[in-house]
Every structure is written in structure tokens, then in C-alpha cells.
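Could you slot chain B onto chain A? The hints should help.
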Amino acid sequence: MVVPFTNQSLDSLTRGPKALILGWLEPRAIDRDEAFRERAIRSSVAIMGALALVSFALSLFVFDDPWGIVSIPTMHIVALAGCLASSVAVARGRLLLSGWLLTATVMLGVSLIVILARQDGVVSRIFVGIPAFMFLPLVAALIFPRNHILPISVLSIVLYTFAQFILPVGNFTVAGLDTTQLLGQLIALLLIEGAVLRQLRIEFDARLEAMQESIRQAEIARQQAEKDQQRAEEADRAKSQFLANMSHELRTPLNAIIGYAEAMLGGMAGEFTPQQNKLLGHIRHNSRRLLALINDVLDLSKIESGSVEVYLAPMSPRVVIQDSVESLRSLALEKEISLSIHLADNLPEVILGDASKIQQILVNLVSNAIKFTEETGRVTVTASSLDSSRWQFEVADTGIGMPAEAVSYIFDPFRQVDGTATRRHPGTGLGLAICKRLVQKMDGSIHVETAPGKGSTFTVILPRVSVPGEGGSSAKRSTPDKS
Amino acid sequence: MEATDLSVLLVDDDPHVHGIFELVMNHHRLPLAVARNAEEALNYLHTHAPDVVVLDIFLPGLDGYQALNRIRESALNPNCRVVATTAYYTNDTQQEILRRGFDGFLAKPFDTKNLVNYLLAVVNRS
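Residue numbers (my numbering), protein chains in the order written: chain A, 1 to 483; chain B, 1 to 126.
There's no promise every hint is true.
Unchecked claim - Some but not every residue of chain B turned toward chain A, in silico, with C-beta under 10 Å:
#: 1; residue: Gly19
#: 2; residue: Phe21
#: 3; residue: Leu23
#: 4; residue: His28
#: 5; residue: Pro31
#: 6; residue: Leu32
#: 7; residue: Arg81
#: 8; residue: Asp103
#: 9; residue: Phe105
Everything labelled a hint here was simulated from the structure, so no lab data went into it.
For every residue, glycine included, the Cβ atom is placed at its ideal position computed from N, Cα and C.
So here's chain A without its partners, still in its complex pose:
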């Protein structure tokens, strides 16, 4: 096998013949298209060189073919020289040159075979010519730019015609062989073959280009998406920072207003007339309402912007429920509402959960229930295990209930059931929206059953995560916001 000595070949030499061969076959071109062609050329050169070498050895030592200007040994020498030249060209990166050298070598070689066959009168060898020449345009279609395909077909025709029919060599004729007809058919075949191959190449190239274009587009799209993602993350960070600042800025002056009003109402700034106290009371009451609203809005914004995290720690559902409900007992007593808890036997003693968020939800639901229930009504909190993977708690009241359509919007921010009702039942309208977002953050669900005049039952279902072993440590989990 002919191997030109490039640096890479020298490297592969040290690793044995297999590595040598593989090293030779590896294309050096970077462009995928060129690399494909280069690999085809390299393989062809290798195969042909190997065959020529074997054949040469056979010719010299086995068949003992005679030498001459035009003879089998010289044909082999031509073939080997051509392979060598072609491999030098491909090693230097001159693909086109290398391809043409290879083609020229094959054409010359086959022409020589045909001439020799005519010379020696070996009919069978003559018939090698046609298939060999038809084979050339095929290979050309692979390795040449497509404008070269037809010229190669034409060249094949010319050379074969010359070698087979024109060159005055030998003296035998094949009986019944109409050379004109043969020639005519061959010319037609080769031209058609060339045209078809050229067309195939055009389509192939077009498809390749289309694929490369879509790869480019995908890459551009990916980079754009990355940039957009970065910008979105920055915006999120800016929003969180803004919320933190606003939180402080809004609360500070409001706390001052509330504080002074309360101090004055507490008689700490001298005596006021009943009328003045009444007005002070309005100031305090409304500033407290404003504070509640600000807290809720900031709460909701924090949740919406994804800055709220769920902290899972071992907790006792029983304790959390009891604490939340007890904190509202005085509120219930004011309206003589009976407030009771019923915990099912199957309620687990300890689970992994975010106690403060569950408490926040419960306090919101129970205070709503109390708010919307008339005097001497009933508010009941129940909790139970739903199945092996979920538990739930419910807050049911015997209050005024809601119309059926309210169920679809009651959890939206700033939606309350009835405009006029809010006068009697002041609230920020955000409580249920916050509850819903918190429940969602904990991978749970919340829904309500209600009817006007019959009261409402809010149900919260949460995943039941059991504590891993005894004394499970607290884990922190942050869920991405899916708004």
C-alpha cells in the first residue's frame, strides 16, 4: 500500500498497520461535505493501490508477463504511479487534483487493458472496458463537483472509443459485432448515466444544504433562547429586589401613622375630646386596613415572582391545626360562633410539611369562615388522610355561602363575591388568591363547595410525605413558579 509520509502518517506508523490504515482513511477536511469526498478519495486510492500491488506481484512472479512499452507490467506501473500521485495530492489537501489524478489513472489503466487485449487477441478482456468506463462516472458523482460529472462521461466515451476502435492495434474482429451500433449504444448509455448522476447530485446537494441551514437556524434559536432566559432571570432578580425595597419603604411610614394614632388614642399625648378620639380611631382603623392590603399585595407579589420557597420539615398536622384554630377562637366568640376541630384517626402524627404555610392557609380560611357566618353559626375544621399519598383538611361554615359562578373566580386576586358584601365583610380580596398559590407551591390542590344560604366548605389536599425514618432532618425545597 502506498502511504505518503506526512506527519500524521509518521505518528500512526508507530502504532501498527491497523492504525496506519485507519489513520490514512481519516479525512483531514473540516467541512462535512469535503470530508465526505476526501474519505471517498482516500478509500478509493487505498483499494486501488492495494489491488494494483497484488496484481503486479501476481503478474511478475506467477504469470511472468512479458515486458514492453505497452504491456501488463507497465500498466501496473502506470496504475501504481497514479495512485501514488493521487495520494500525495490528497495528503496535501488538493482534493480536486487528487480526484482527477485517480480518474486519469483508471482511464489510462483500463484503456491499456483494452489495447493489450486487442493486441493479444483476448476477447474476454475487451469486455472489461465497458463496465470499467461506466463505473467511472458513478465514482465521479461522489467525489467531484457536479459540473465535472458530464465531462468525465464524455472523456470516458472518447477514450474508450479511441482505445477500442480507432487505435490501429491488433487484427482480429469479432464475428457479427456491429461496431457502429456498439459505439452508438455506449455513447448513449454513458451520456444518460452522466446526466442522471448529475441530477442526483444536484438533489443531494440541495438536501444537504437545506439540512445544514436548519441546523444553523436551530443554533441561532438556541442562542436566542439562552439570551432570553438570562434576561428573564435578571428581570426576576430585579423584581425580587424591588419587592424587598418596596416592602420596607411602604411599611415604614405606615407604621409611623399607626403608631402615633395608637399612642394618641392610648392617652399618651394628652387628653382628646370624644370627637377627636373618634377621628383618631378612623385614622388608625384605615391605616391598619392599608397595612393589611400592602402586606397581602407584597405577599402575593413575592409568591408570583417565585421568591417564596417551601420548607419541608417534620410537623404534626394535629398541632398546626389546633394552633391555627385556637388563635381565632376569640374572634369566633365575639360572634358566638361555635368553632370546632375534628381530626380523623387515620391522620398521620408526623409528616414532612411547611407548617407556617399551612398555618397561614388555615388562618385565612377559618377567619373567612368566621367573617362570612352570621351570629350563632358553626365553623368546623376537619382533617384526615385521603390515601397513602395525600391528606386533606376542610373548613366548613354555616354562613351565607356563595353563588355557583363564584367558585370559578373566587381564587382570583381582588375578586370577592359581591360588591356590597365587602362593605359588611371588609377584606383585601387577596386571601384566597394567596392561599391558592401557597397550596400550588406545595403541590396540592384547593377547591370549594358552596351554595347560597347553605354555607361553604373549603377543601385543601396536600401530598403526604412521610418522615424518612426517625428524627428526619428538615429539608429545603424550592419549586419553580409556573405562572
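Relative to the frame of chain A, chain B by itself:
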């Protein structure tokens, strides 16, 4: 109102918080010392021993928890109580504050009516 024995150092950068606290303390005829930041507070504590320090844990500069440690280290009175105060809090915050070593927690806006009672309770707790 009779004067009870209670001396307070308030550490907060908001002048209105001072104003409100003053109204309350004056009403109870109790003395009040005021510092605007941790540095002033520590200077004061080198030479005075109030019963309780009311510390805003979101003071600009020093982290509230670090301030707590510095105050405990340098207070003349080893039994000095330190109560945290802040405008933003959740249930977590309150528990975290107590867990970190504060003796009490005052949410803002202050409950002016019960402020002094709460501070007395914190101080008298053994």
C-alpha cells in the same frame, strides 16, 4: 401611672419609631435611651446598663444577629435582655428570632397599649 423600674435602650434608625416609643415611655414615666445604629448602641452600653435593649434587626450595616452577639459581649449587665423588633415578619421569623437567642420579639407597628407590659414581662422572666 406609677413609675416601674425599667430602663430601655432603643436601637432603631427611624426617628418616628423613636417618637412613638418616647410617647409610650413618657406616658409611663419611664426613661428611654435611644441609639440610631449599632455603634451608638455599643458606645452607650459601655457606660450604661439598661434592663432591656430593643433592637431593630434590619438596621443598615450590621446584621441584627451579629449585633445581638456584640451587645451581649459588651453589656455591663450580663442579664441584659435583648428584644428584636422588625416590620416584616412571618411565623418563621418570630420562631427564628427566638431560636437565635433574642429574649423577645416586638412586631411593628407597636402595640402601644401593651408595649411596656411586654417589656416588663421579658425583663422579669427568670
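Hint check:
1. A least Cβ separation of about 7 Å between B:Gly19 and chain A falls short of the 10 Å threshold, and the interface hint therefore holds.
2. Checking B:Phe21 against chain A: minimum C-beta separation of about 9 Å stays under 10 Å; hint holds.
3. A least Cβ separation of about 4 Å between B:Leu23 and chain A falls short of the 10 Å threshold, and the interface hint therefore holds.
4. Taking 10 Å as the C-beta cut-off, the interface hint given for B:His28 holds, the closest approach to chain A being about 9 Å.
5. For B:Pro31, the shortest C-beta to C-beta distance to chain A is roughly 15 Å, which exceeds 10 Å, and the interface hint is violated.
6. Against a cut-off of 10 Å between C-beta atoms, the interface hint on B:Leu32 is violated, since the closest Cβ of chain A lies about 13 Å away.
7. Here the hint on B:Arg81 is broken, as its CB sits about 22 Å from the closest CB of chain A, past 10 Å.
8. A least Cβ separation of about 22 Å between B:Asp103 and chain A goes past the 10 Å threshold, and the interface hint is therefore violated.
9. With a cut of 10 Å, the hint placing B:Phe105 at the interface with chain A is violated, because the nearest CB-to-CB distance is about 15 Å.
Violated hints, in rising order: 5, 6, 7, 8 and 9; the structure is consistent with all others.
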